[in-house]
Amino acid sequence: MSIEEEVRDIVANIVHVDKSVITREGTFKDMKADSLDIVQALVAVEDKFGIEIPDEEAQKFQNFGDFVAYVESQVQKEKV
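To convert, count from 1 in the sequence shown and add 162; that's my numbering.
To be clear, the hints were calculated from the coordinates, so they are not data collected in a lab.
C-beta: ideal position from N, C-alpha, C; glycine also.
Please note that the accuracy of each hint is not assured.
Listed below are the simulated BS3-like cross-link pairs for lysine-lysine, each with C-alpha atoms no more than 25 Å apart in a straight line [to be verified]:
(1) 210 to 222
(2) 241 to 194
(3) 210 to 181
(4) 181 to 194
(5) 194 to 210
(6) 241 to 222
(7) 241 to 210
(8) 222 to 181
(9) 222 to 191
(10) 194 to 222
(11) 222 to 239
(12) 191 to 181
(13) 191 to 210
Computed Cβ-Cβ distance ranges for the label pairs, DEER-style [as the list claims (entries may be wrong)]:
(14) 171 to 220: 17 to 23 Å
(15) 180 to 238: 24 to 30 Å
(16) 188 to 242: 27 to 33 Å
(17) 183 to 242: 31 to 37 Å
(18) 242 to 192: 32 to 38 Å
(19) 240 to 167: 16 to 22 Å
(20) 217 to 163: 26 to 32 Å
Throw the hints in and build the complete structure from the sequences for me.
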């Protein structure tokens with residue numbers, strides 16, 4: 163399973179939406195996620211991949227694709 167698929171699963175479970183609704187261009191707002199959902203998703207992804215997502219970085223995410231790209235870059239750094 164790719165990082166994107168794993169992140170999509172986590173977000174879908176927390177926000178209670180079908181995975182098919184979550185696109186790279188979609189936003190948390192599009193998914194009807196509230197601030198608590200977003201925090202829970204960030205924490206779950208941090209735990210799953212053993213990374214840290216600083217608040218200032220999380221605020222830069224424009225859409226799901228940005229979130230996935232950030233997670234992928236951090237996971238790559240951890241492997242080095």
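Okay, the hints, checked on the actual structure:
no. : hint                   : verdict
1   : 210 to 222             : holds (21 Å)
2   : 241 to 194             : violated (34 Å)
3   : 210 to 181             : holds (18 Å)
4   : 181 to 194             : holds (13 Å)
5   : 194 to 210             : holds (23 Å)
6   : 241 to 222             : holds (24 Å)
7   : 241 to 210             : holds (14 Å)
8   : 222 to 181             : holds (23 Å)
9   : 222 to 191             : holds (14 Å)
10  : 194 to 222             : holds (18 Å)
11  : 222 to 239             : holds (19 Å)
12  : 191 to 181             : holds (15 Å)
13  : 191 to 210             : holds (23 Å)
14  : 171 to 220: 17 to 23 Å : holds (19 Å)
15  : 180 to 238: 24 to 30 Å : holds (29 Å)
16  : 188 to 242: 27 to 33 Å : holds (30 Å)
17  : 183 to 242: 31 to 37 Å : holds (34 Å)
18  : 242 to 192: 32 to 38 Å : holds (34 Å)
19  : 240 to 167: 16 to 22 Å : holds (18 Å)
20  : 217 to 163: 26 to 32 Å : holds (27 Å)
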